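Using the hints provided, position chain B relative to the given structure of chain A.
In the order they appear, the protein sequences are chains A and B. Taking this note's numbering, the leading residue of the first sequence gets 5, the next gets one more, and so forth. Taking this note's numbering, the leading residue of the second sequence gets 5, the next gets one more, and so forth.
Read the hints as simulated data drawn from the structure, not as lab findings. All of these numbers come straight from a predicted model, not from anything done at the bench. Possibly wrong hints are sitting among the right ones.
List of simulated lysine-lysine pairs, DSS-like, C-alpha gap at most 27 Å [as the list claims (entries may be wrong)]: (1) Lys244(A) - Lys138(B); (2) Lys148(A) - Lys104(B); (3) Lys244(A) - Lys104(B); (4) Lys244(A) - Lys71(B); (5) Lys244(A) - Lys121(B); (6) Lys148(A) - Lys121(B).
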Amino acid sequence: MRRSRNTVLSVISAGVFLAILYMLNMNRAGNGMLISIMQKSAIFALVAVSMNLLNGFTGLFSLGQAGFMSIGAYTTAILLIPVQSLDGVYYMNGINPGIRALKVFLSALPPWFQSVYPFMALIVGALFAAVIASIVGVAVLRLKSDYLAIATLGLSEIIRALFSSPQLDGITNGSYGLNKIPAFPKMFGGLVPPIITPFIVSAVCITLIVLLIRSSYGRAFMAIREDEIAAEAMGISLFKHKSMSFIISSFFSALAGGMLAMYMRSIEAKTFSITLTYDILLIVVIGGIGSVTGSVLGAFLVTASKEWWLRFFDQPLELFGWDVPLFRTGFRMVIFSILLMVVVLIYRRGLMGTNEFSWDRIFGRFKWKRRKVQGGGS
Amino acid sequence: MNGIVLKTEHLTMQFGGVVAVDDLNIEIPQGHITALIGPNGAGKTTAFNVITGGYMPTNGRVVFHDKVIGENHPRSKMKKIYNGSDRTTFHHQVVNTPDKITRLGMARTFQNIRLFKELSVFENVLIAKHCRIKAGMLSATFRLNHVEERTMREQTQELLKTVGLADLAREKASSLPYGKQRRLEIARALATSPSLLLLDEPAAGMNPKETEELAQFIIDIKDSFNLTVFLIEHHMNLVMDISDKIYVLDYGKTIAMGTPKEVQNDPAVIRAYLGVEDE
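Okay, chain A solo, but in the shape it has when bound (with noise of 0.2 Å):
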């Protein structure tokens, strides 16, 4: 009975959720902001989860979830610029004619292709990751802990820079970057709206995430994180089930990648600095590490805070006639440093700690609040 209350919750409040997002695609024009803050927030809502599925549930600290996300989003960014603004983006250096003609091809393709056509990008990128994971892990997995990270983080610097190199010009447009990027696409002929389709596409691949974690792949993955020694000697294949974490936590931050190219319209290499990877694990610990709903709700927190929730502290103020002092553009970033020095001080272990969110535990708590009440009046 329990168990079919959680369902219904569960569908309600996923459907209270698509039909504010209808009702924001309905009323765009005065939204703006809020449609925009809640497309990034899905989009690294994603990312998130895939470093949580490497950091929080396999247990390698890896921070090389920036350059996965760059070879999504070129691989998807180049694919789908269209042939008719190709001279205008690549104006420095020229396109390079193999990809020019490869995109010629594709674009006589029929309608029905070319519908389905950005989806492909963004898992042709995706897998694309997936590939340069695989062979880069062979190498990089058999580090532990602070190696790994500083391993991964190198990584994907040598792919930044490989991206903005002059070498790739014909290809990644080097320095310049990639604009031009056509946004997000309509799903289902037109049922869902090109706003909503990042919300669709991150929690598609989000399920696919948790419900890798709860597979017999996904406790295998968490007794690596909680003993080495003791998880080989019960049979798992470190090697094997590390790498498998790493190339599927790459696959969806390249995915995520694609997103944001669609997101920001244009990219650079600049974009997919070590900042990036430093904003997700922001996100990861401040949501809780080795929990999936945290890691959800810390993306939407950590955006709408830095992004649009502080805003005012940048604009000059005036109190009674009284300048003060501190409001001048930057400042909120020094306020958002400080609360999250807070919530960590407050929650040690993230907003969630290793919990998952659950309508129980919601529930529960009104009832411990309903007896602590009572046991006051008594």
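Chain B in isolation, oriented as in the chain A frame:
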């Protein structure tokens, strides 16, 4: 070699100048409880680690069910050389990682308990079932193996009932009392469906009553799971009670072997354990 589950030949493990295990030759027959004893630092745990694939032996060979699972015969570099006839030319290595050896049917416990602390008792045992999974990652993700998954869960529940931990299934592993944690570690090893169980000091830190229970428990699981048991132990009572054959190590060397009675009266063993009086 029928009936011999595990055999080591000239097994030697050398760390720099220290020879931790020196020319160890053991044979463990099917269905027996064999013990490896010796003072602290005698090389017992090292021998275990070499057998289970944690280290590659410096020299010698480990044979499990007629299959060579670990072998190293370096060409004259080491102090102890394989005494075969072709020892000057023979160079051969077989390396297996611990997980492969576990899948072949050899499970172990650890001297300092190594449970998956943050996970529940049930999950601890369930994870050990993973090594026998047939479904691939994708079919497990999409729940195409739900029959297998259900069987795994049922077997886990069954196993927990057998070892008497069923009512603690939802508890966190680290919250169990010490004796129960030892028991859980044995249950977890059993979940990998082994034919040979290696116990590294199962009675360490236990009081006499718990030790007695443990002895009965080892005999019970040996019979009900049709196991062969190989254990390292300090508690002489336990060893003398349950083992069929004992090997005694001191400074890496095998100083005695035989039935509990023979070993108890062996002068070399008494000297190793009690020390020699200065004359």
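For each hint, the structure was consulted:
no. : hint                  : result
1   : Lys244(A) - Lys138(B) : holds, 15 Å
2   : Lys148(A) - Lys104(B) : holds, 21 Å
3   : Lys244(A) - Lys104(B) : holds, 12 Å
4   : Lys244(A) - Lys71(B)  : holds, 24 Å
5   : Lys244(A) - Lys121(B) : holds, 23 Å
6   : Lys148(A) - Lys121(B) : holds, 20 Å
Against the hints set out earlier in the document, no violation occurs for any number.
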